[in-house]
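Chain by chain, the residues run as shown.
Number of protein chains: 2
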Amino acid sequence: MKVGNVYDFKVEPQDVDFTLRSRLTAVCGNLLNVAGQDAHRNGFGTVAVMRDNNSWVLSRMAIEFDYMPNQYDDYKIRTWIVDSGRVISVRNFVITNGNDEPLGRATSQWCMINLSTRRPSDLTPVLESCRQYIFDEPAPCEAPRKLGAVETETAVEHRIVYSDIDFNRHVNTLRYIEMMVDALPIEVVAEPHKIRLDLHFVKESIYGQTLTIGYRCEEDKWLFEIKDNDGAVICRASFEIR
Amino acid sequence: MKVGNVYDFKVEPQDVDFTLRSRLTAVCGNLLNVAGQDAHRNGFGTVAVMRDNNSWVLSRMAIEFDYMPNQYDDYKIRTWIVDSGRVISVRNFVITNGNDEPLGRATSQWCMINLSTRRPSDLTPVLESCRQYIFDEPAPCEAPRKLGAVETETAVEHRIVYSDIDFNRHVNTLRYIEMMVDALPIEVVAEPHKIRLDLHFVKESIYGQTLTIGYRCEEDKWLFEIKDNDGAVICRASFEIR
Chain C
1 MKVGNVYDFK VEPQDVDFTL RSRLTAVCGN LLNVAGQDAH RNGFGTVAVM RDNNSWVLSR
61 MAIEFDYMPN QYDDYKIRTW IVDSGRVISV RNFVITNGND EPLGRATSQW CMINLSTRRP
121 SDLTPVLESC RQYIFDEPAP CEAPRKLGAV ETETAVEHRI VYSDIDFNRH VNTLRYIEMM
181 VDALPIEVVA EPHKIRLDLH FVKESIYGQT LTIGYRCEED KWLFEIKDND GAVICRASFE
241 IR
Chain R
1001 MKVGNVYDFK VEPQDVDFTL RSRLTAVCGN LLNVAGQDAH RNGFGTVAVM RDNNSWVLSR
1061 MAIEFDYMPN QYDDYKIRTW IVDSGRVISV RNFVITNGND EPLGRATSQW CMINLSTRRP
1121 SDLTPVLESC RQYIFDEPAP CEAPRKLGAV ETETAVEHRI VYSDIDFNRH VNTLRYIEMM
1181 VDALPIEVVA EPHKIRLDLH FVKESIYGQT LTIGYRCEED KWLFEIKDND GAVICRASFE
1241 IR
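As you go down the protein sequences, you meet chains C and R in turn. The opening residue of the first sequence carries number 1 in the numbering used here; numbering runs sequentially from there. The opening residue of the second sequence carries number 1001 in the numbering used here; numbering runs sequentially from there.
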């Protein structure tokens, strides 16, 4: 029996680009939504942890796509959490097509932060209360890779706007992915490729700041570093595109 | 009996802003998605009209909200089309809350364009084939108002990126609404208000162009005019916020 819960999706017209394949960000958005929904369903979602003045924050994530599904294709996301530690909760994902064949996979590392101090909280009480939802099936892909400082060659600026920020009052993960995807040459994004995306969040960014999205290309890797207007690193990412 | 079809929604965490109410753009996105879905279901959607090398394009729209629903609230969108003419198809919407009380309404005018000439096609054959889906219930709100040229006072620039463009290869309606919402002062957007939005599309804009989103405030109205880098008007809008 396969562990975890399964969520059904269809590639809707609003999800596709001009090639009529799903945008990377549409499926990534559903991975993130499923993480929230599944935690909520199992009793440790944002609403539940907010009672103790905590919130979930994504720390690192790796996402792999063998290909992007086409308009009106069905796909499923199966997700489960594994035993990790006092500071990091690991959630895994497998994405399968209408024939139950994998088309992508992901693994993510989450922290719980105290909303007053913005510092990590101890996960032990939360994880104790949801033992039955923790499985030992390992991650379906390599863990998020270490991402060092990037000597960026090109940069675009982005003023943080209302639509970028979420209920946590900081820029939403999906928006960072979108900023980076939109910095890539359109032919790299829209042509069929195998993609592995590694994300590493360092610091929150908030309304009113202006971000600099710097990047460089090294062989088949696009390395990104996003900084705020004080020069602090907000996040790093690598898009491996084959 | 109420005419048209009804679609169910819930305000998901990804739809809300930091006030935990739905973003305007989340519900507007669902109005546009419902228009597409409902046309598809009734046999005259984008896929069907593309067989004759046509596509649907939104020309004008008026949207009213009494208030924005809260996170996890259920809401319904009822939609139907009315008899109009050879060039314009009118689609109406009523948005109701979990108690079946209206919280918003909209009316929209669509053209079918030929994908080669980008000129309007005659709607008569399409409308003849779907007589049974045309109802005489009038629009639930005032038709889209005439919007004249705007003497803009303030402007922000937006370079059109990959994520802005849709299957039609032009900037997606929702993205224009988002650009304008993000130009408004955040306290105007995020505080509870009654809102009426009038949209008037003049010309397509495409990948590679840079848009100028100009606006001015006149009493309770924010008037917008978006132009491309040749100075051509792309769309006009009015946000009446009370």
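Treat each hint with caution, since some may be false.
Cross-link-like lysine to aspartate or glutamate pairs, in silico, DMTMM-like; alpha carbons within 20 Å at most [stated by the list, open to error]:
#, chain 1, residue 1, chain 2, residue 2
1, C, K10, R, D1008
2, C, K2, C, E157
3, R, K1076, R, D1166
4, R, K1076, C, E240
5, C, K76, R, E1012
6, R, K1010, C, D136
7, C, K10, R, E1012
8, R, K1221, R, E1240
9, R, K1002, R, E1219
10, R, K1076, R, E1064
11, C, K194, C, E204
12, R, K1002, R, E1153
13, R, K1010, C, E101
14, C, K10, R, D1166
15, C, K76, C, D52
16, C, K194, C, D83
17, R, K1010, C, E12
18, R, K1146, R, E1219
19, C, K221, C, E240
20, R, K1194, R, E1204
21, R, K1221, R, D1136
22, C, K203, C, E240
23, C, K2, C, D83
24, C, K194, C, E157
Since the hints were made in silico from the structure, they are not lab data. Just so it is clear, the structure is predicted and the values come from calculations on it, not from any experiment.
Verify the proposed pairing of K1076(R) with E1064(R), using a straight-line Cα cut of 20 Å.
The hint holds at about 15 Å.
Is K1010(R) within 20 Å of D136(C), Cα to Cα?
Violated, because 33 Å separates the two Cα atoms, which is more than 20 Å.
Holds or violated: K1076(R) and E240(C), Cα atoms, limit 20 Å.
Violated: K1076(R) and E240(C) sit about 41 Å apart, past 20 Å.
Does E1219(R) lie within 20 Å of K1146(R) when you go C-alpha to C-alpha?
holds, 18 Å
Agreement of K10(C) and D1166(R) with the hint, judged by alpha carbon distance not exceeding 20 Å:
This hinted pair holds, its Cα atoms lying about 17 Å apart.
Verify the proposed pairing of K76(C) with E1012(R), using a straight-line Cα cut of 20 Å.
Since the Cα atoms of K76(C) and E1012(R) sit roughly 19 Å apart, the hinted pair holds (cutoff 20 Å).
Taking 20 Å as the top limit, are the C-alpha atoms of K1010(R) and E12(C) close enough?
holds, 17 Å
Under the criterion that the straight-line Cα-Cα distance not exceed 20 Å, is the pair K203(C), E240(C) satisfied?
Cα-Cα ~23 Å, so violated.
Agreement of K10(C) and D1008(R) with the hint, judged by alpha carbon distance not exceeding 20 Å:
holds, 16 Å
Next pair to validate is K1194(R) with E1204(R); report whether the Cα-Cα distance is within 20 Å.
Not OK: K1194(R) and E1204(R) at ~29 Å, beyond 20 Å, violated.
K1010(R) paired with E101(C) [C-alpha distance capped at 20 Å]:
violated, 30 Å
K2(C) and E157(C) were given as a pair; does the straight-line alpha-carbon distance stay at or below 20 Å?
Given that 20 Å is the threshold and the Cα spacing comes to 44 Å, the pair is violated.
Checked against the numbered hints given earlier, the structure breaks hints 2, 3, 4, 6, 9, 11, 12, 13, 15, 16, 20, 21, 22, 24 and satisfies all the rest.
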